[in-house]
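Chemist: Let the hints inform the model, and build the full structure from the sequences given.
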Amino acid sequence: MGTNNAPTWTLVPGVTEFTPKVEPTQQDVTTYDAEGWSEQAVTMLAWSVETTIAHRAHPMTGAFNAAQEFLRKASMSFGAASYVTVRYYDRNGADDAQQGTALVTWEPAGGGPDEVDTVKITLTGSGPLAPIANPAADGGASALDSRTKMPKPSGGEA
1 MGTNNAPTWT
11 LVPGVTEFTP
21 KVEPTQQDVT
31 TYDAEGWSEQ
41 AVTMLAWSVE
51 TTIAHRAHPM
61 TGAFNAAQEF
71 LRKASMSFGA
81 ASYVTVRYYD
91 RNGADDAQQG
101 TALVTWEPAG
111 GGPDEVDTVK
121 ITLTGSGPLA
131 PIANPAADGG
141 ASALDSRTKM
151 PKPSGGEA
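If you use full-length UniProt numbering, the sequence shown corresponds to residues 1 to 158, in order.
No wet-lab data here; the hints were simulated from the structure.
Treat each hint with caution, since some may be false.
Within a straight-line C-alpha distance of at most 30 Å, the following computed BS3-like cross-link-like pairs (lysine-lysine) qualify [claimed, not checked]:
1) LYS73 / LYS120
2) LYS21 / LYS120
3) LYS21 / LYS73
Pair by pair, the computed Cβ-Cβ distance ranges are [claimed, not checked]:
4) PRO135 / ALA57: 24 to 32 Å
5) ALA34 / ASP95: 21 to 29 Å
6) ALA66 / PRO131: 25 to 33 Å
7) THR8 / THR122: 22 to 30 Å
8) ALA80 / HIS58: 26 to 34 Å
Note that beta-carbon positions come from the ideal geometry of N, C-alpha and C, so glycine has one too.
Modeler: Quick look at the structure:
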């Protein structure tokens, strides 16, 4: 089991779209000294990640991926269970890696019987998005991990 001091990072598979955002809140700070020009100041930052995943059950067991299920269950929880700690980073090892705590929104796309089941997941940051050392810089390979508080399933990485 992962803890805050010794996390167990689990790959979230099936990512087909990935859009991280940091949005500033800007306030007007214009004074008469600005000589007619508007002035702005950033007073707050908010971060989020929007991602779409292919959501399929394992062909032999019928079970959904444990990491995807962890996010789905968090989206329907209250209190501490509604928060997940996530990290994302450049898969080629570039110096671009972030980590933070977020709330989860899980939105199945729906569709016809001949369509692939996809889910839009929105991670809405709660607190800072902190830069971290890129785990792929020394051979890691995933773009989105979630810290889980559950054991890894036997037979491989979730």
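Chemist: For every hint, state whether the structure bears it out.
Modeler: Now the hints, each set against the structure:
1. LYS73 / LYS120: holds (14 Å)
2. LYS21 / LYS120: Given that 30 Å is the threshold and the Cα spacing comes to 15 Å, the pair holds.
3. LYS21 / LYS73: Answer holds: LYS21 to LYS73 is near 23 Å, not above 30 Å.
4. PRO135 / ALA57: 24 to 32 Å: Roughly 28 Å apart at Cβ, these two residues keep to the hinted range, so it holds.
5. ALA34 / ASP95: 21 to 29 Å: Because 37 Å falls outside the window, the suggested range is violated.
6. ALA66 / PRO131: 25 to 33 Å: Hint holds: Cβ distance 28 Å, inside 25 to 33 Å.
7. THR8 / THR122: 22 to 30 Å: Holds - the Cβ-Cβ distance for THR8 and THR122, about 23 Å, lies within 22 to 30 Å.
8. ALA80 / HIS58: 26 to 34 Å: Once the Cβ atoms are compared, 29 Å apart, the range 26 to 34 Å for HIS58 and ALA80 holds.
The earlier numbered hint that this structure contradicts is number 5, and it is the only one.
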